Structures are given as C-alpha cells and as structure tokens.
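Engineer: Starting from the known structure of chain A, fit chains B and C onto it as the hints suggest.
Protein chains in written order, with full-length UniProt numbering: chain A, 1 to 215; chain B, 1 to 215; chain C, 1 to 215.
Check before you lean on any hint, since a few could be wrong.
Because identical chains share one entry, a pair is satisfied inside a single copy or across any pair of copies.
Simulated crosslink set (DSS-like; lysine-lysine; CA at most 27 Å straight-line) [stated by the list, open to error]:
1) K135 to K73
2) K73 to K61
3) K84 to K158
4) K158 to K135
5) K135 to K84
6) K84 to K73
Just so you know, these hints were derived from the structure itself, not from any lab.
As the structure is a computational prediction, the values presented were derived from the model and not from experiment.
Spelled out, the chains give:
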Amino acid sequence: MDMKVFLLLSLIGLASCDLPFLRTCMDAEDTNTKTLPTLCSNYKNIEYIYSEIAALKNENKALRASLAEQTNKFQNVTTLDNNKVAFSASITEGADVFTGPRTDSSPSVLIFNHVFTNIGNAYSNQTGIFTTPVKGVYQFTFMTFGNNTNTSGAILMKNGLHQVSTWESQGPDYSDTTSNTVILQLNQNDTVNMILWQGGKIHTSVFSGFLLFTV
Amino acid sequence: MDMKVFLLLSLIGLASCDLPFLRTCMDAEDTNTKTLPTLCSNYKNIEYIYSEIAALKNENKALRASLAEQTNKFQNVTTLDNNKVAFSASITEGADVFTGPRTDSSPSVLIFNHVFTNIGNAYSNQTGIFTTPVKGVYQFTFMTFGNNTNTSGAILMKNGLHQVSTWESQGPDYSDTTSNTVILQLNQNDTVNMILWQGGKIHTSVFSGFLLFTV
Amino acid sequence: MDMKVFLLLSLIGLASCDLPFLRTCMDAEDTNTKTLPTLCSNYKNIEYIYSEIAALKNENKALRASLAEQTNKFQNVTTLDNNKVAFSASITEGADVFTGPRTDSSPSVLIFNHVFTNIGNAYSNQTGIFTTPVKGVYQFTFMTFGNNTNTSGAILMKNGLHQVSTWESQGPDYSDTTSNTVILQLNQNDTVNMILWQGGKIHTSVFSGFLLFTV
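Same shape as in the complex, but just chain A (with noise of 0.2 Å):
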C-alpha cells in the first residue's frame, strides 16, 4: 500500500467520525482498525479539545468578572465599616469653679477639654466643635452639671442653630443634672457643638457622639 492510498483511507474514516470520540487505545494482537487512532480520530478530538478550552476560557472569564464585581462590592461596604466616628470629652473643673456665662457678645462655645475618646479626630478640643467627617446620621447627648445660683443647662448647635437643649432654673434645689440625646442626619463639614444659656453657668459636663451610619 503506498502513501497515496494511506492517505485515501485516512479520509475515508476522517469522512464518517462524529466528535467526540475517543477511541480505545488497543494492544498490538488488536488488528481492527476502527479502534485505532487515526490522523482523522486524533484530529477530530483536537478540534472537539480546541471547544472546551474555547469553553473554559469563557468560564474563566466569568469567574474573574463575577469575582472582581464580588471584590469591588466588598470594598465599598468595608470602607463604610471603616467609617469609625466617636469621640466624648467632659470639662474637668475645679471645685466650685463653673464655666460662663455666655454673653450675648460672646456666645461661647464650651470646649470639653479632657477628651475620653476621639476615633476619627472629628471633635477638637482645642475649639469644642465636632466637625463631620463624612455624611451619615449621628446621635450626640450631652450631660451639663450646675447649680442653684446660675441658669444651668446647654443647647447642642448644628451650624450655628439651636437644635436640643436642657434648662434648669436658678432655685432654692442646689444642684441640677440635665441630659439630652438627639440624632442628627449630617452633611460632611457640619458643624456640632455646645453652647450655654446667657448668663448660664456650669460645672463638670459631658460632650458625646458617633456615627450611627453613613448616608
């Protein structure tokens, strides 16, 4: 048999294939040829090898953009959680030392000096002002510390407006404790802080926040 009819024989199998096929590997005392590889079988499974990877790259590709949407969705929820905000500071005074009045001239701010805590540096004790950090909702409570010779009390301030406050009057009661709580929904750069009442006076008070959540 020379190579022309090899080849004619080749193609006549190569004509009839279906994919896949693989066919069994025989053993030399196996002299049926239609279980021999073939130029035409092994090609037929390299073309049928050429789809699945075809098929695999494709699958691949899906995973690594299923992954990265994963990773990226992911990120932003971590960032929100890394969104860490509290700060609370009280002003240490002397015995019978109080702070105030504020005047009209001078609507001071109470610097709550001794910081407890400060995650996130957004409060400064250096002014008393909590500056928002990042848009988000936040509670803030205050706690004022007076007594009967002066208006005690505080009003908490959102960019210079009143928003909560406490009042206790001078009166014959020779100590008063206020309290209040208020959550706030803020823009990034707001501002929060305490002020008296004029000719309010106070003692040893307390000044808190954080973020509930970001917006």
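Structural biologist: Chains B and C only, in chain A's frame:
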C-alpha cells in the same frame, strides 16, 4: 514497509508509552524515530489532555460554587447592613405651653411632632409611635422638661407595657430636666412610645431611638 | 513510497509549521495535502493545547487564591459584625426602698438586677459588672432616680477608676433624675460598673451599654 507493519510498530510503541509524553518535534535531519510524534504518542497526549480538561472543569465547578456561596453570604451581610433605622423627634411648644396631663381614661401617647431624623420611617409623628421594622436590638433615649407646678418625667412603653421612666415631683424647683436610656430587644412590629404620668405635664421634650443590630 | 520517505516528508512539513494551526478536516475528494491533518499538524496542535491548559491552570490558581483572600477578608468582617454586645438593666425597688448608702469601707457596686437585654452576656446581674468581651469602643449610659433626703446620682467606673458621674445634693426638691453618657475605648476584660457617692442613695435606676465598634 507496508501499512500493516507500520501499524504494528505503532501499536508496539503504544503499548510501552507512559503519560504524559510530549515528544520533541524534530527537524528533518533527525532520524531517531523514538523522538518523532506518532499516531500513538499524539493519541496518548490527547488522552492526557482530556483528563486535564476534566480536572479543570471540576475545578471551575468548585470555583463557581465557592463564589456563589460567598456572594450569598455577602448579600445577607449587606442586607443586614442596609437595615438602617434611626429616629429623633421633639415636642415643640410655645412658652408656657405644656403637654398633658394624662388622665386614666386617656393614657395619652406623647406625640413628638418635630422630626429631626426618621431613617427607615419607623416613627410616626402623627401617632408618636415607633414600630420596629425588623427584629433587633434598639436603643431608646428620651428627655423631658417640666416645671414645678406638675409632676414631670415620662414613661417608655413597649407594646403598651411600662419599661423605664423618669419622675420629678411638683416642688419648689422651678424646672427640671429628666432623661433616660434603655436598650431593648424587639420583634418586628413591636411598638415603643412615651406616655405621661397621671397628672403629669411636660414642655419641650425629645425622643430618639435607633437599631443597634438585627438578631 | 516506503515508510522512510513518508517519515522524511512528515519531518519536512514539521520543520515549517507554525503555531497554532488547526487545519480544516477535508473530505475524501480533496487531495490538497497541505490542508489535511498530518502527524505534524496534530502534534503542533497538541503542543499548543498543552500551553493553553497550562495558562488555564495558572488562571485557576490565581482565581482560587483571589477567592480565598476574599473569603478570609469577609470572614474577618463578619466576625467583627458578629461582635454584638449590648446590655441594659435596672434596679427595681419597691416604693420608698432605696439602694445605698455606700460607705468608705464598702464602695458598693450598684447591682442592676433586672436585665432588659444582655446580648453577648458581658454584664453580670449578680455582680453589677460589665466586662468587655472584645477590645473596642463602647457607649455607656446611666440614669439615677433619688429623693431629697440623700445625695443622689452615681459614678461610672472603668477598672475601678472614676470616669463620669452625676450628682444631686440633698435639698428641697423632692426627687431628682440624673443621667449621663460616655463613650470609652476599652481593652478586652476591662470592667465598667456604677457606684454610689459616699452617703448617697438611689431608687429605681438604669444602666446600659453597647459596643459601637471594635478597634
């Protein structure tokens, strides 16, 4: 050498070949038939490639499953994170205007009509009632401001039952601020609201709450 | 043509073939041997497939690594999220029953025996002590209710040291509510609890706290 011999030789080679074996593609001068690709070596390579592709498919299947599981877990977490619930509202009264008193026949719910914040819209400034949108742990804080002519303070109710309260007697001090905080685990659709003491009256007051976390 | 010539022709074809080349599988009538699969073209295709599979394996290895990294990060976040710590408890007394006074020899810890909430079980209603289960930033709020026959208010202690307090003198007002809030950064196993002022007495009071976030 005829085709029969050629095939026989191929099968002999095939019987002794190991996986994987990529034979070096020789140039024309090289006559060492052991290093040439043969039908058998090509076939064996193809057989090996099939097993590699099967392994890759299994691996991709595992990757898809793992990514899907991860995506679901993440979805649950972000759904929880999206449970943003916080409200804060005050009673705004003119000077010398007081809310109350409550009578036995009218255990009036205090309606904090001025809303600072109502993320999640769970507080109604029409009814004064906060209804939990989701099972979870919530913090509530309230402040009351009263004067000496009436009992002051208020009671925080959960589903109509007293939880915590503040109380100030009528007395010689001209005004009093009270404030209290409680953390409650609540089911969905539980209600939380404030009521007055019998005969009590309050002036400007504040009621706030937020979801700490779902459970 | 004998086998030697056949092999020689194959090797000549082999020396000039480029990657990748998938030859079209021809039908029997086509005699153009350049478009037929040959041992060489099959071999070259197999060689190309090996490199494709190696690339897919590398890609899958990278996907597995990326997914594992993502899963670990997510695990850390959800572990943090699972740090749910919140407690709220009150002292429940009958009418005219007061807790206190503290004496120097007994700086009695206030035991808030009625537990509203104790997620994470960090507060003990046997000892009145909150022990931090995890390093983090915590908010604490307390309310005291006293009357005019004793000093009222209380002191919040961290590891046995005063942090913040409220104070009401004995006086002509028949009752007084005080309340205060502080946010503290605490290490694991730090303790937080309330004590009375010397000679102080309080009636129904509340103590609450929760983990804002871990640090």
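Engineer: Using 27 Å as the alpha-carbon threshold, which applies to K158 and K135: within, between, both, or neither?
Structural biologist: Within. Shortest intra-copy distance 14 Å satisfies the 27 Å Cα cut-off; inter-copy 32 Å does not.
Engineer: When no copy is specified for K135 and K73, does a C-alpha distance of 27 Å or less occur within a copy, between copies, both, or neither?
Structural biologist: Both. Shortest intra-copy (19 Å) and inter-copy (25 Å) distances satisfy the 27 Å Cα cut-off.
Engineer: When no copy is specified for K73 and K61, does a C-alpha distance of 27 Å or less occur within a copy, between copies, both, or neither?
Structural biologist: both (18 Å within a copy, 22 Å between copies)
Engineer: Using 27 Å as the alpha carbon limit, work out where K84 and K158 are close: within a copy, between copies, both or neither.
Structural biologist: Cα proximity of K84 and K158: in one copy and across copies (20 Å, 22 Å).
Engineer: At most 27 Å between alpha carbons: which applies to K84 and K73, within, between, both or neither?
Structural biologist: both (19 Å within a copy, 18 Å between copies)
Engineer: How would you classify K135 and K84 at a CA-CA limit of 27 Å: within, between, both, or neither?
Structural biologist: Classified as both: same-chain Cα gap 12 Å, cross-chain 14 Å, threshold 27 Å.
Of the hints listed earlier, there is not a single one the structure fails to meet.
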